[in-house]
Amino acid sequence: MIWRVLLALVACAAIASADPETDADAAFRRAGELAARSDPAAITAFEALGAARPITRWTDDAWAEAARLAENARDYARARRDYLQVVALGTDDRLVARARGALARIEELGGERWDAVRAAHERLASVVNGDGDPRSGLRELAELVRANPAYPRANVARLTIAMGWESEGDRETALGWFRAAADAGRSEPGQHVRLEYVRALVRAGELADADLELSSLDAALVDHGGARQAAEALAAAHHGRKIRIGLALALALLIAAGAIVARREVGSWRALAKIFARPPLEVWFLAPLAVLLAVVAWPGNPLVARAVRWIGIAGVATAWLSGSLLEAARTASPLRTRRTLLHVLLVIAAVGAAAYLVVDGLGLLGLLEETWRGGPAMQ
Amino acid sequence: MRTLSLLAAPLVLVACVKGNPTDLGEFVGEGGTYHIKDCGYDVTTRYGAEAPKPGQPIFGPDPTPRLVHLGIIGDPKTTIVAQWRTGDEVTRASQIRFAKGADLQANELTETREGLEFAYDSTGAVSPRMHQAHLCELEPGTAYSYQVGGTDATGRQSFSPVYTFHTAPDVIAHPDAEVVFGFVGDSRGGYDVWNMLISQLSTRSPDLILFSGDAVTIGLTQLEWEEFFARAEPLFARVPFVSAHGNHEVNAVNYYAQIAMPGDQENFGLDYGFAHVTVGNDTPDDISKLAGEFKTKIDADMTKSEAARWKLFMHHQPMFSASTRHGPSMTLQDAWLSTVDKHHIDLVLNGHDHDYEVSKPMINKQVQASSANATVFVVAGGAGAELYDNGMDFWTLYSEKTYSAAIIHVRRDQLTLDAFRQDGTPLPQGFSKTKP
Chain W
1 MIWRVLLALV ACAAIASADP ETDADAAFRR AGELAARSDP AAITAFEALG
51 AARPITRWTD DAWAEAARLA ENARDYARAR RDYLQVVALG TDDRLVARAR
101 GALARIEELG GERWDAVRAA HERLASVVNG DGDPRSGLRE LAELVRANPA
151 YPRANVARLT IAMGWESEGD RETALGWFRA AADAGRSEPG QHVRLEYVRA
201 LVRAGELADA DLELSSLDAA LVDHGGARQA AEALAAAHHG RKIRIGLALA
251 LALLIAAGAI VARREVGSWR ALAKIFARPP LEVWFLAPLA VLLAVVAWPG
301 NPLVARAVRW IGIAGVATAW LSGSLLEAAR TASPLRTRRT LLHVLLVIAA
351 VGAAAYLVVD GLGLLGLLEE TWRGGPAMQ
Chain Y
1001 MRTLSLLAAP LVLVACVKGN PTDLGEFVGE GGTYHIKDCG YDVTTRYGAE
1051 APKPGQPIFG PDPTPRLVHL GIIGDPKTTI VAQWRTGDEV TRASQIRFAK
1101 GADLQANELT ETREGLEFAY DSTGAVSPRM HQAHLCELEP GTAYSYQVGG
1151 TDATGRQSFS PVYTFHTAPD VIAHPDAEVV FGFVGDSRGG YDVWNMLISQ
1201 LSTRSPDLIL FSGDAVTIGL TQLEWEEFFA RAEPLFARVP FVSAHGNHEV
1251 NAVNYYAQIA MPGDQENFGL DYGFAHVTVG NDTPDDISKL AGEFKTKIDA
1301 DMTKSEAARW KLFMHHQPMF SASTRHGPSM TLQDAWLSTV DKHHIDLVLN
1351 GHDHDYEVSK PMINKQVQAS SANATVFVVA GGAGAELYDN GMDFWTLYSE
1401 KTYSAAIIHV RRDQLTLDAF RQDGTPLPQG FSKTKP
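Protein sequences appear in the order of chains W and Y. Everything in the first sequence is counted per our numbering, starting at 1 for the first residue and increasing by one. Everything in the second sequence is counted per our numbering, starting at 1001 for the first residue and increasing by one.
Treat the hints as calculated values from the structure; they're not laboratory data. Where hints are given, some of them may not hold.
[Claimed, not checked] Here are a few chain Y residues that sit away from chain W, every Cβ distance over 12 Å (derived from the structure): (1) GLY1029; (2) GLY1032; (3) TYR1034; (4) THR1044; (5) THR1151; (6) GLY1190; (7) HIS1344.
[Stated by the list, open to error] Quick look at which bits of chain Y chain W covers, simulated, 3 or more residues with Cβ under 8 Å: (8) 1163 to 1177; (9) 1194 to 1207; (10) 1402 to 1414; (11) 1418 to 1427.
Where a beta carbon is used, it is the ideal one built from N, C-alpha and C, also for glycine.
With these hints in hand, go ahead and build the complete structure from the sequences.
Here you go:
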């Protein structure tokens, strides 16, 4: 009899210590550790805790975590099921709001019918945007879009493909996909895809097409702020092109004028060619400096390093031309101060124009503007 | 005489374009402080802004509230700041109506508090006028409905729609509390993408927005700020946001006037749920402050919050970035990295480079096998500004040239970051960490 009483007391004590909240707390923690290790068993562990009874303060959290992990794993059917559990429990309005948002996100993609296509799309988007050769991923994604033109995110995929080919330097293919996305997005509120097409045309230097596309945006649908910014970018591109053409023409004119004057001074093109074939002293002085600067800049910002390289090349070329022209002038008569001064001024102008063309060509004008306004970038 | 009038003409023209500031009252523009007694803190405005003062029952031609957004100065469990502008810049009436409960009707908002207002100098013909209302002694983890606006001397009223916000949870009473932060930055010049990211963030119901800076191209340009806030209003009227100062904000008075934040609004910290968030300004007006005064403030905040379960540090320019545009900031590594390591910060959040990057766990510029005591650096500077090329370096776990935002889930034992592109497609690499 005494044994039986003692046994009952021990059993009661055991039941009393098995606090469901404490157990659920520990189970939640264990499932979280699995999730941090990206162990797929984490979803099952959270679901088991969500389904366990009695309901504890961790029940809705467990369903929410299971759903989030399932969504991240692109198992949308499972995520949908688990989010619905959070909504059904309704014990925490914040968790319920997030679950409803997630369900809306999943449903707006057309429901279960498109789950497999969506999973493939997201996998391929990661492949083409990731580190590695994106070209096979881009082709696969293009096939997916062609096979599923009614897929609610087909246009998002078209944009991904367009940007992918743009990064790969295949401008024509990229613009083709941008155009396809813009055509499919003609009735889209905001006209974001068409604005993206305008921006791509500006980047590609197709300014006439960009003008046309911008002017044909649907005024009733377009995001006016976005359209204004695209128009500003387009105007800046037009302006930049005028400057570039002007500078290139001025450079060409300078070189041609210099050659004609030099030819008159040395008497024949053959004699001038002989002078040009020998690197003048300026080149022997400047070339090692340009190499040194390029080497120093090489481990730093790659864009700046490229600019330093090209400015160095332009500088050496200008020095070669300048030195040779001076050499040609010296063969005719001693150099006068006025002539020398004019020569120096023209060389400075040529170096300035060449540096601008390099900086602009590498898309570094914005960085220069930022540095001008905010001081040198911290490195 | 003719010369004199010729010289004076541009000045007259400038005065006409700028408008006469005295039209707005006594525009002082030297800043000032107002003590909010109920909340136990001060509101301080900077040089270029008027001192904050209580609203008056005066309406201008268009007193309609607009650009409503929430901020935090005090404890987010019990306080919130509502900020807004009006259709005109001369309305002085400043009130908030509120009541406990989500999605209430205007006639259910039973409590009223008076607000503050102040004008600040800016580009444009008229000085913008900010309105602020401070709610204190709120209940933790609770939904409140509110609307802002005012009442003039004749009893005429003009109020915003009713919005709902939530106070931060009390984690002692609710150990299962989860808080969600939206993390985003560098919207400047790309407000259609910013709009898309705001929609994406809204569907994820964050509790707090962490903005890593560069909201606008030049901080002094008020028009761009209007675009930024107008696009964000559907989210920012419901969710408070704190911002790190970006280099494009150029320490303009517009930035400090429009965003209510704790302390000096540059280097501060706040507890939200199980997380402590430290915010730093890495573009001070004087660069020597980085390793001096600012480092001291950041270190003091991190020391004070040593016991915090999760430690996040947000500033603008990344110490570790493999983007080919700006790349890693050695200056910041020299100034702040030892502080980050000393306090075992879990997550550092940056922008500045317009791409998305996640680093491997790092201590003292060395990659670690585990994130246990190490720090992970995330760059998500793709909220609309022109994208930069991404890259890979020895610390890079993942990088992508994309517009992006991220959602950070904070629980007692777990910290996770999930990022997504502007169209909502998830980015493959986030961050997850547990603590026993």
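Confirm or reject the statement that THR1044 (chain Y) sits farther than 12 Å, beta carbon to beta carbon, from all of chain W.
-> 25 Å, holds
Test coverage of the stretch 1418 to 1427 of chain Y by chain W using CB-CB distances below 8 Å; three residues minimum.
-> holds (count 7)
Hey, is TYR1034 (chain Y) genuinely clear of chain W, shortest beta carbon separation above 12 Å?
-> With a cut-off of 12 Å, TYR1034 (chain Y) remains clear of chain W, as the shortest Cβ separation is near 32 Å.
Against chain W, does HIS1344 (chain Y) hold up as non-interface, every C-beta pair farther apart than 12 Å?
-> At about 17 Å from chain W, HIS1344 (chain Y) clears the 12 Å cut-off, so the statement holds.
Annotated coverage of the stretch 1163 to 1177 of chain Y by chain W, confirmed only when three residues or more have a Cβ within 8 Å | holds (count 4)
Within 8 Å of chain W (C-beta), three or more residues of the stretch 1194 to 1207 of chain Y = holds (count 7)
Would the least Cβ to Cβ distance between THR1151 (chain Y) and chain W come out above 12 Å?
-> At roughly 31 Å from the nearest Cβ of chain W, THR1151 (chain Y) sits farther out than 12 Å, so the non-interface label holds.
Examine each Cβ of chain W, and state whether all of them lie more than 12 Å from the Cβ of GLY1029 (chain Y).
-> 23 Å, holds
Non-interface claim for GLY1190 (chain Y) versus chain W (Cβ beyond 12 Å) | Since the minimum Cβ distance to chain W is about 7 Å, GLY1190 (chain Y) lies within 12 Å and the statement is violated.
Assertion that chain W covers the stretch 1402 to 1414 of chain Y - criterion: three or more residues, beta-carbon distance below 8 Å = holds (count 5)
Would you say GLY1032 (chain Y) is clear of chain W, with no C-beta pair closer than or equal to 12 Å?
-> Holds, since 28 Å exceeds 12 Å.
The structure does not agree with numbered hint 6 stated previously, though it agrees with all others.
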